[in-house]
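Two chains, two frames, a set of hints: combine them into the complex.
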Amino acid sequence: MDELTREFLIESQEGLDRMEHCLTDLEERPQDTALLAEIFRSVHTIKGTTGFLGFKRLEKLAHAGENLLGLLREGKLRATGPIVTGLLELLDGLRGILKTIETDSNEGEGGDGVLIARMEELQVPAVMRAPQLIEARLKATAPAVEATPTTSVAPLTPEPMQAMEPGKAPQPVVDAPAEPARPRAQATAAESTLRVDVALLNRMMNLVGELVLTRNQVLQATAADPNLTMLSRRLDMVTADLREAVMKARMQPVSNIFSKMPRIVRDLTQSLGRRVRLQMEGQETELDKSLLEAIKDPLTHAVRNALDHGIETPDVRLAAGKDPEGTLKLRAYQEGSHVLVEISDDGAGIAVEKIRQKAIERGFITRERAAHQSERELLQLIFVPGFSTAAAITNVSGRGVGMDVVRTNVERIGGKVEIDSKVGKGTTLRLRIPLTLAIIPALIVRSVGQSFALPQGALSELVHIPPGQAATAIEWMENAPLYRLRGKLLPLVFLDRLLEPSGKHRLAAERDNFVAVLDADGRRFGLVVDGLADPEEIVVKPLSGVLKEIGLYSGATVLGNADLALILDPGAIALRAGVSMSAEEETGRAVEEEAGEEARKSLEYLLVEAAGSRAAVPLDEVLRIEQIPLSRIEYIGYRPVLNFEGQLLPVEDSGGVLAAAEGDPQKQIVVVVCREGNRHVGIAVSHVLDVAAGGDLFESGTARRTDGVTLLKQHVTSVVDLGGVPALPGAEEAPAAWSQMAETVE
Amino acid sequence: MSASGVEVSQEAGLVEMCSVRVGRVLYGVPIAYILEIVGSARPQPVPLAPAFVGGLVHYRGDVLTTVSLRQLLGLPTRDGPQDILVLESSGGCFGLLVDSVGEVLTVSSAEHEANPSILDERNKRLFAGAYKLKGSLLVMLDPERMDPMRLGAALAA
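Protein chains in written order, with our numbering: chain S, 4 to 749; chain C, -19 to 137.
Excised from the complex, chain C in its bound form (with noise of 0.2 Å):
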């Protein structure tokens, strides 16, 4: 799918997501925020950082920190491989350490819903809303809130 695909779609009311799972809820994260997804990585754990933080990982020469999405969401972390996401924000980039990296979905603008009242502040913080998916929901993620320096000066606050 072409990027002038993405705008046409849009037009249409229908929008792009790469699924990712973490335990057992689908998450959604916009595709064009999305630089590279990068399997089975080992981050590289970093003492005394932030919990949040996931470690490090070489991509392209670059040193990237990445953000465990299990440790924003207070589950316990898990041993073994993760996807990584690389996203791009505004303040530079960063990986996304996600359990596994799934398909792309079209879905229609049409079926998203904001944040209910009833999601307790620290998720209200992290989604953006849900699509009503056929059977579940797609809990969008919003990358510039996912930022370690925005984590890091939210911690901070």
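Only chain S is shown next, with the shape it has when bound in the complex (with noise of 0.2 Å):
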């Protein structure tokens, strides 16, 4: 049963215990109009529902109800003895029907004819009714049978005078809820589950960010002590899980929202004539609860763009060759820390020349900045208030209108909108969201004598340049600093000289230089900054609106060790040192777009060096590169582990780091923490040397592919198997005899 049913269930469950109190209620104040509009309410719930869920006897049967309460309501009828009856009733009939969803998922078979008769029975005000009902009616405290109407409600006849009988309640009638009291041998869904305020989670939330703050406190300053150590480790793991487990709390999956697009769909083809299939994958995809709430209109939004403008219209399609039945795609799924809905169509696409002149046209960009901007950049101009609502591009462009509303509704959340077009082929807008508002793991750079944080959602790489080597590395084109990262130019902005632009500066000469490679919506530049701290999880605060019209810091955090730091914007500081979307990355996705599987052969690798000999890692496995004192290593048995983010990590040492480094606890070793299905192995080496792309060998004369070795830099390296490296004990048995990683071929 999925996540929507199930709600759908205990709402509906909830709805109808009110109702029934109500209905009691009722017996004694006819007139009672809160009463009645409260019961409407139930059932109306329940009707509106059952529509998305596709329950047809559900909605059929609560129809008819609503009908007769409508009249109820508007007063047009007595809520008489019989009626309360008929609505009880029709109270049982519903539970019966939801329990039998409940435990087969389907409605079951059934008529509810009797019943929906009857209500319909009811709503013909009692003075048109044959008179021996109302006779009946007036007998009420007698159990007669005698009084049975003439009509299609005959064998439900003695239900009302039960139902009149105080204290005695009313008896299922129906038969589709045969046992209403049997004892339920499973919890049902209402049971097992407990609605909580949001606001209450919100706290709980803000509570668990307060105590991720401490416990970084707590790490730092117990660091030192061993006899500390055990605490804080244990400090630390239940924080990480107690934060998981409210972080899920608030999770929902987005069917909450895609659920409602089906309908959307099919009332706007309806009136624009379009022929579209709506496809959803990705369903059961989870976002924080107030995320979810904040992409809804914006989802909505750009379903109705792109069934208005983006999809055409039958005979259009046919014409350009296409089949007349558009596809729309709604699709979620999880990437790293965020979470992406797509939204794409095959419909006309965008004409970026078009956007470009008007662009022109109307002074948003000056004619020699567009002749130079690229088409991603071009096309992020209809993200521009003002520019989407222009008639004209709508027409043209076929897309466009509040796209701004679409954009500002996502940023107010930390995520980003991106948008791909081919003309003829089709739209694809990309929402990127946030899994979260509140933590994020982010680096911590040191520069103009205080610390910062760089979320590490836009870093790609750090790279180190000593001040004797600052002078050659650091290459310039009259003012423009470069960096020529494995053979392309890397722009660079100092964060210092961005900062403070009138201070003074140390030469890049005099001192270390880090330069985090960022990527922000394709603006790909280098930061520099003066120095490098841990990565932390720091909680995001907002900041007041005068610090916030800055425009380069997104928040502020409190860190491990109770400083505050400034949270930096990459998108925002790109934008402020000009660094614009190469057109390199545009050629180098459309590349990878065009050539597919075949781009992807020759695979990246991570060269390291470990006591002496080179060896490759696969980069797409590689999570994290940590440097840490051999003292962090510890042992089971003879294994080598480490505790890393509160989880054991078993390190590979065929390399002999380790017992090279014996006897120096302080000495600093590098261990890289990779991927390897679905466990992280880390693998101790002395240095990191560079990443290279990496060919294929083959053997000579049979022309088969070698397993394990790689052309690197022109020299045969051998690729750590990440799969030889064994479990931990405890899941299964330690093999006997292990370490036995491919040898290092120089």
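It should be emphasised that the hints constitute simulated quantities derived from the structure, not laboratory data. Bear in mind that the values here come from a model prediction, so they are computed numbers and not experimental data. Beta carbons are placed, not taken as given, at the ideal position from N, Cα and C, and that holds for glycine. Please note that the accuracy of each hint is not assured.
Said to hold, decoys possible - Calculated from the model, a selection of chain S residues having no Cβ within reach of chain C, i.e. all distances over 10 Å: (1) T83; (2) V127; (3) S195; (4) T225; (5) I363; (6) N412; (7) Q453; (8) L462; (9) K544; (10) I639; (11) A730.
Unchecked claim - For the chain C half of the interface with chain S, some residues (derived, Cβ under 8 Å), not all of them: (12) V5; (13) A12; (14) V26; (15) P30; (16) V33; (17) D42; (18) S88.
Below you can see the structure in the form of structure tokens.
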């Protein structure tokens, strides 16, 4: 049973419970409109939701009841005994079906014709009904059977009398809920879940945020004291688990909002004369409730846009040689710490040239800039407020009404909107939503004598340029600093010069330079900082309006050492420094798209050095590179392990790095944390050398592809066999002989 | 002194002011605006922020923007820890950075006089008159006008 159905069941059951209360009260106060309204609401809610879920039987029955209740609510009918009885029968009927849904996930077979007919029968005012019935009501207390009405309700006749006997509960009459009193064998959905006020969850989230801060401080304070290590580790783990649990409690599947789309699509296609097939994928992807709420409107807007301006009418599509039925695809999936929601259509696409012309005409960009801007940058213009509302654009480019609203809403929650479009092929709008608002992983960097937090999401790699090398490594084109990253020029932004334009800055050659290579919306640049500190999970605190206006900071946070740090916004820094989206990036993407799998064949490897010899680790599998003192390596028996973020990481040491460093607990070693299947393993190395593309090697004569080695920088280099790292004991017996790692061939 | 005590004394024409010192001048802030006094704080500077921003401080789980009274008055900045008055204005909470916080003074509203006409425009906007104390003046500050958002808006205009 899916989440939506379960929620519907809980809601409906609660609604029916309320309805039962109200019905019994109604018998005493038939004129009470508040009671009637409450009953009407319960039935109406059920009817409304069943439409989405496709429970036709339930919908039909609820509809019949709603009609009757409508008349009662409007005062056209008085809530007489037979009516209340009828409504109670309706209640039981609804409950019966709900129960069937809960056990069998479908409504089950069964006719409600009798009950529906009764609802209709009751809508006729009493005075117009057969005299026998009135008589029967007058003789209410007598268990008279002779007052049988002549209509189709015949088999239900004894019911009205019974219901009006004070203190006696009405008996179910319909066949469907045959055993209402049967003890429930298992906990129902209503019993195993609890509804919690969102405000309380928010408060819990805030408190957990505070706890994370305190934990960070405790960890830093106790790092030196071995007596407290165990305690602080425990605190660390419990905090992490608690945080996860609280975050989980706030998660809801995106199906909650996707499920509203078929209806919108159906209505819109009918009114717009389109033929559209709606495909939905990844409905089970979960997102924080507040974020889900926040993307509801942008998503609806994007769907409307795709139908209105993206997908053409059937005859236009036929003329263009396309399937007359367009496809609208909604897809949600998780990628790292983000959830991506894609809305793609196979419609007309956006003509970039027209955007360029319009943008110049309307004075959004100069002719010179327009000529230099890439297609991707020009596409972004449809998000500019004012631009999008221009009628001409809407007609020619086929997209744009209110796109600025979509972007504003998504950016307000720290998300991003990306758009890709090909004329004649269609448009894809991608909403990139952070998993959570409150806590993000960040790298702490130092500049202008202060700490700043740099969100890990935008960070792709770090490069260290020692003072001696700065003069040659950083190249200048007039006043634009550049760095050659694997043969390509990377624009550099000096954080200190950006933050203190008038201050005195030391020359790059006089200090350590750390380049954080960032990718902000396709703007790739290197941010040069003075120093790096540890990565931390930071709790994002909002800034006051006056500081938000500076535009470079997305918030502030309290670090483990109780210092405050401003959170840098990589996108804003790129814009401020004038970094544009690189054309190279774009062609790179295009090639990847065209060539598809072909381009992926030459893998990138991390080149490492372990005790004098070189080895390669597939870059895709590398999660992090950690520099740690040898003392942090612990042993289970003879097997080295690392307590890494509260989890044990088996460390592979076939290179003999640990053995070589033995006896010097303060010696720094490097552990490359890799993904292997669904577990993580660490590889101990002395240095990380570079990242290089590896080529396949073929055996001479047989031309068989060799396994476990690759050609890196003209050297045959062995690839570390991650799968060969044995699992830690516990789950399965530790293999007696372990540590067969591919030998290193230089 | 309880909150109801303020009411009573106001009826009698007496009001309570928290005195703060910046440079050699004594300033007063109505205690009703003060949420808390944080002593010896070192606010974190914010590069590129408007000059009046004294930096950020951690206050009860939130990050609070502070306004430097020295900067507002055009005095040179001072190194070393300063005291912070956490104030509540209609725009939210903010911190007011002062050299030191003194005692709470009970003053009579009869002793209050409006801003003198010779005061320059900048200070006219910040001050709300003064109370005549024995031997000195207690220059009144209007917390509403110190709100960073308002100052920021004034700066932009």
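Here's how the hints hold up against the structure:
no.	hint	in the structure
1	T83	57 Å, holds
2	V127	61 Å, holds
3	S195	34 Å, holds
4	T225	20 Å, holds
5	I363	30 Å, holds
6	N412	23 Å, holds
7	Q453	7 Å, violated
8	L462	20 Å, holds
9	K544	4 Å, violated
10	I639	39 Å, holds
11	A730	42 Å, holds
12	V5	25 Å, violated
13	A12	22 Å, violated
14	V26	6 Å, holds
15	P30	7 Å, holds
16	V33	7 Å, holds
17	D42	6 Å, holds
18	S88	36 Å, violated
Comparing the model with each numbered hint stated earlier shows that hints 7, 9, 12, 13 and 18 do not hold.
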